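Q: Keeping their order, the protein sequence lines are chains A and B. Heads up, the first sequence is in my numbering, so the first residue is 1 and it goes up one at a time. Heads up, the second sequence is in my numbering, so the first residue is 1001 and it goes up one at a time.
Hints listed in this document are in silico derivations from the structure and should not be mistaken for laboratory results. Please read these numbers as outputs of a predicted model, since none were measured by experiment. Check each hint, because a few of them may be wrong.
As the list claims (entries may be wrong) - Taking lysine-lysine pairs in the DSSO-like style, the calculated list, with each CA pair at most 27 Å apart, reads: (1) Lys149/A to Lys1158/B; (2) Lys1057/B to Lys1149/B; (3) Lys158/A to Lys1142/B; (4) Lys1149/B to Lys142/A.
Said to hold, decoys possible - Some chain B residues close to chain A (C-beta under 10 Å, calculated; not the full set): (5) Leu1066; (6) Phe1069; (7) Asn1098; (8) Phe1101; (9) Glu1110; (10) Gly1128; (11) Arg1133; (12) Glu1135; (13) Asp1138; (14) Glu1141; (15) Lys1142; (16) Leu1146; (17) Ala1147; (18) Val1152.
By construction, the Cβ of each residue, glycine as well, lies at the ideal position given by its N, Cα and C atoms.
Read off the chains here:
There are 2 protein chains.
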Amino acid sequence: MLERAVVLTSGGMDSATTLAIAGSAGCECYALSFDYGQRHSVELTAARLISERLGAKEWKLISFDLGEFGGSALTDLNIPVPVQASPGIPITYVPARNTVFLSFALGWAEVLSADYIYIGVNAVDYSGYPDCRPEYIDAFEKMAGLATKSAVEGNPVKVVAPLIDLTKREIIRTGLELGVDYSMTVSCYQPDDEGCACGLCDSCRIRMNGFQSLGVEDPTRYMQGRPETD
Amino acid sequence: MLERAVVLTSGGMDSATTLAIAGSAGCECYALSFDYGQRHSVELTAARLISERLGAKEWKLISFDLGEFGGSALTDLNIPVPVQASPGIPITYVPARNTVFLSFALGWAEVLSADYIYIGVNAVDYSGYPDCRPEYIDAFEKMAGLATKSAVEGNPVKVVAPLIDLTKREIIRTGLELGVDYSMTVSCYQPDDEGCACGLCDSCRIRMNGFQSLGVEDPTRYMQGRPETD
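The following block holds chain A by itself, in its conformation from the complex (with noise of 0.2 Å):
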């Protein structure tokens, strides 16, 4: 039987080059999004696009309201997204997202009896964010072999997360040579309806800086035309 893997799947270049790498090590995969109430939605329906052109053998969305809490721009329609870098975790940083999106993982990994829980966090250029450091991701995953049926039955899910140690250039590239179409992807934390980028933002930067420095172009369409990169 194929190894099963949940890809956490938010529409976003890391996350479709996650599911590529799931998919190239031989998983059937199982991609799953979150509508937490963010304000960048259309990076959803980028989600489900880019499961299917992956070959993901299921996509599933799960929806509540992170809102609820309050504490981030990214849910919080009365807090602006900074458009330029400023030092310590950033006020996008949303309390407590990747746990939250990693328990929801568990379940369904647990149900599916997957083997792996594949997520596309990255400590090179992960903005000052905790939940996205090595230390945080094996801590999840020793909690998780205590958490579950599976793990108490000997079998519990390992976490992996292969961009963590990975600029994004090596990310990008990576992610073309598994044949990542990143026209699809959506980066930025405030696009437009259509999906056009800010290109202001540190999300936005931070791709920007990525393709070019690759060499190669960016196919990110931008509310005014592409920005200056850094």
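On the provided structure of chain A, position chain B as indicated by the hints.
A: Positioned in the frame of chain A, the structure of chain B alone reads:
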């Protein structure tokens, strides 16, 4: 400033007792409940009332559908709730449920700058659920200590499970001492729309035996009169 606690509140006896314990420890309590597609959503009405009655500062309900994943008698109407105990982990186990619940609690705790998450899990009468064991709670707390901005800044949240070593009898005695009105709580896995209990499922049997061993009358209303205890 009062210490703050997010308290997972299901509408059942254990979480009501836990909320009373957190309050008596001097915490300002924020009660959190979930509509996760469970059969027994009448417990949510109970959760709200209990939270008000026990003086919670706020009650929040988060909705999502764990039934999307299937695999449990509590969320899948095609799987019957068993009416007698069986060995091993029962079919009423919901994959990764406590992990999902604790993850949302972690998000709210971070926004509130709460010091504690209280959860009413119990390892004595825990019916074989892996995510009710002390080692699981410890692992979740360790993971949480790496997951959040607050933790990175030196204020990790503590996960408190005050019932974990108590028998049902001790839980009921503690709650009665703290003034918990157990007539408001719903334990049954398949209550009717008015909150009357079946008297047959694991959860009903554990509750009945707890009251009986204490020699206290159980205020639960049963659908077909009070059944015999074990």
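Q: All hints are to be evaluated individually against the structure, with a verdict given for each.
A: We went through each hint and held it up to the structure:
1. Lys149/A to Lys1158/B: Satisfied, since the Cα-Cα distance of roughly 25 Å is no more than 27 Å.
2. Lys1057/B to Lys1149/B: Given that 27 Å is the threshold and the Cα spacing comes to 24 Å, the pair holds.
3. Lys158/A to Lys1142/B: 18 Å, holds
4. Lys1149/B to Lys142/A: 21 Å, holds
5. Leu1066: Constraint on Leu1066/B satisfied, holds at 6 Å.
6. Phe1069: Status holds, d = 5 Å.
7. Asn1098: 7 Å, holds
8. Phe1101: 9 Å, holds
9. Glu1110: 4 Å, holds
10. Gly1128: 9 Å, holds
11. Arg1133: 7 Å, holds
12. Glu1135: At about 5 Å, which falls below the 10 Å cut-off, the nearest Cβ of chain A leaves the hint on Glu1135/B intact, so it holds.
13. Asp1138: Check passed: Cβ of Asp1138/B comes within 9 Å of chain A, closer than 10 Å.
14. Glu1141: 9 Å, holds
15. Lys1142: This interface hint holds because 5 Å falls under the 10 Å limit.
16. Leu1146: With a closest approach of 4 Å, the Leu1146/B hint holds.
17. Ala1147: Given a least distance of 5 Å, the restraint on Ala1147/B holds.
18. Val1152: For Val1152/B, the interface hint holds, since the closest Cβ of chain A sits about 5 Å away, which is under 10 Å.
In summary, this structure violates none of the numbered hints.
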